[in-house]
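Engineer: Here's the letter readout for the chains.
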Amino acid sequence: MEEGLIENRATDVPFAGILADLLTANLTQRPEKREVFEKMQGAVAIELTDIETAVTLVFAEGKLRIEAGIAGSPEIFIRTTSDRVMDLNALKIVGGLPWYFDEAGRNVLGHLFAGRLKISGMFVHVALLTRLTKIMSVM
Amino acid sequence: MAKFNAMTQEWLDAWKEKIATSAEYKEIAKNWEGSVSIIVNPDPEKGIPEPIYVFTDYWHGDVRDFLICDKAKAESANFVMSGDFARWKQVAKKEVDSTKALMQGKLKLKGDLTYVVRNIKTVNKVIDLLCEIETIWPDEV
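Chain order of the listed sequences is R and G. What the first sequence shows, in the numbering used here, is residues 1 to 139, in sequence order. What the second sequence shows, in the numbering used here, is residues 140 to 280, in sequence order.
Simulated from the structure, these hints should not be mistaken for laboratory data. One or more hints might be untrue.
In silico DSS-like pairs for lysine-lysine, Cα to Cα no more than 27 Å straight-line [said to hold, decoys possible]:
hint, chain 1, residue 1, chain 2, residue 2
1, G, K239, R, K92
2, G, K165, R, K92
3, G, K245, R, K118
4, G, K249, R, K92
Between the sequences and the hints, there should be enough to build the whole structure, so can you do that?
Structural biologist: Have a look at this one:
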C-alpha cells in the first residue's frame, strides 16, 4: 500500500496504532474496501471510555489522518469500551450494507439499545457510518 | 486440583490438556490455523530474571506444540504477543481483558490483526481455559 494513505498522527496512542494496522491490512487484502475508503469524507471520533482514550479519524481526498483525542467537530462520535469496539469489526457486509441479523449484528444492536455503545450522528451521516463499517469489517 | 508453576513446561502441558479436551474450543476454533507465541519481558523483582518465550500451535480445533522455547522459535510464530510479566499474570487471572491490554499498549501483537479479530472467540476461549489452571506465580512463592 502506498505511503501516506493512512497517516497516524497519534503514535502515542496504542489504540490509534491498532486502528491503523487493522485498516492497512484490510485495505491491502480487500480491494473492494479500498474503493469505499477513497469515497469517504468527514471525521469520526472513537472514544474508549474505560481506558480514557480517544482518536479522531479524518477522511479526506482518499486519505485518512488519525488524530489523538477529539479533533474538531466530528460528524460521527462513537463511544464504547475497549472490549466492545472490536464487535464493530465483526459486522458482516451483505448486499453492500452492514448485516445485523446474525450473532455479530445482534451483539452490536444489543450494545446500542443497552447504551453500551453510543453513536452520535448515526442517523444524519448514514453514508459515512456505513462506509466506516465496510472498511473496518474484517468479515 | 493440581497446581503448576507459571511459565513452565508442566504449566503449558496442563493448558494444552485443557484446550485439547474442551468440546467448546474444538467447535469455536475449527477455522483457526496458526501458531501464537507469548513473550514475557524480564522482571527480576517478580522472579523473572530473563525473558520467557512460549510457543503454542493450533490447527482447526486441535492443539499441536506447546513449548517453552528460544527467541528464534518464538519469533517464528504466526502471531507474537509480548508484554510484562505483571500484565500476563493479570490476563491469566482474568483481572484484565486481553483486548483492553492491547488497546492500552500493555500487550503488543505482531501478526495479521484482521485474522485475530475475525477469530476473537477462539482467542478468548484459549485465555479462558488458561484462567482455569491453578497457577503458582513466581512473585507469590
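Engineer: What are the numbers of the hints that this structure violates, sorted from low to high?
Structural biologist: Checked against the structure, no hint fails, so every one of them is satisfied.
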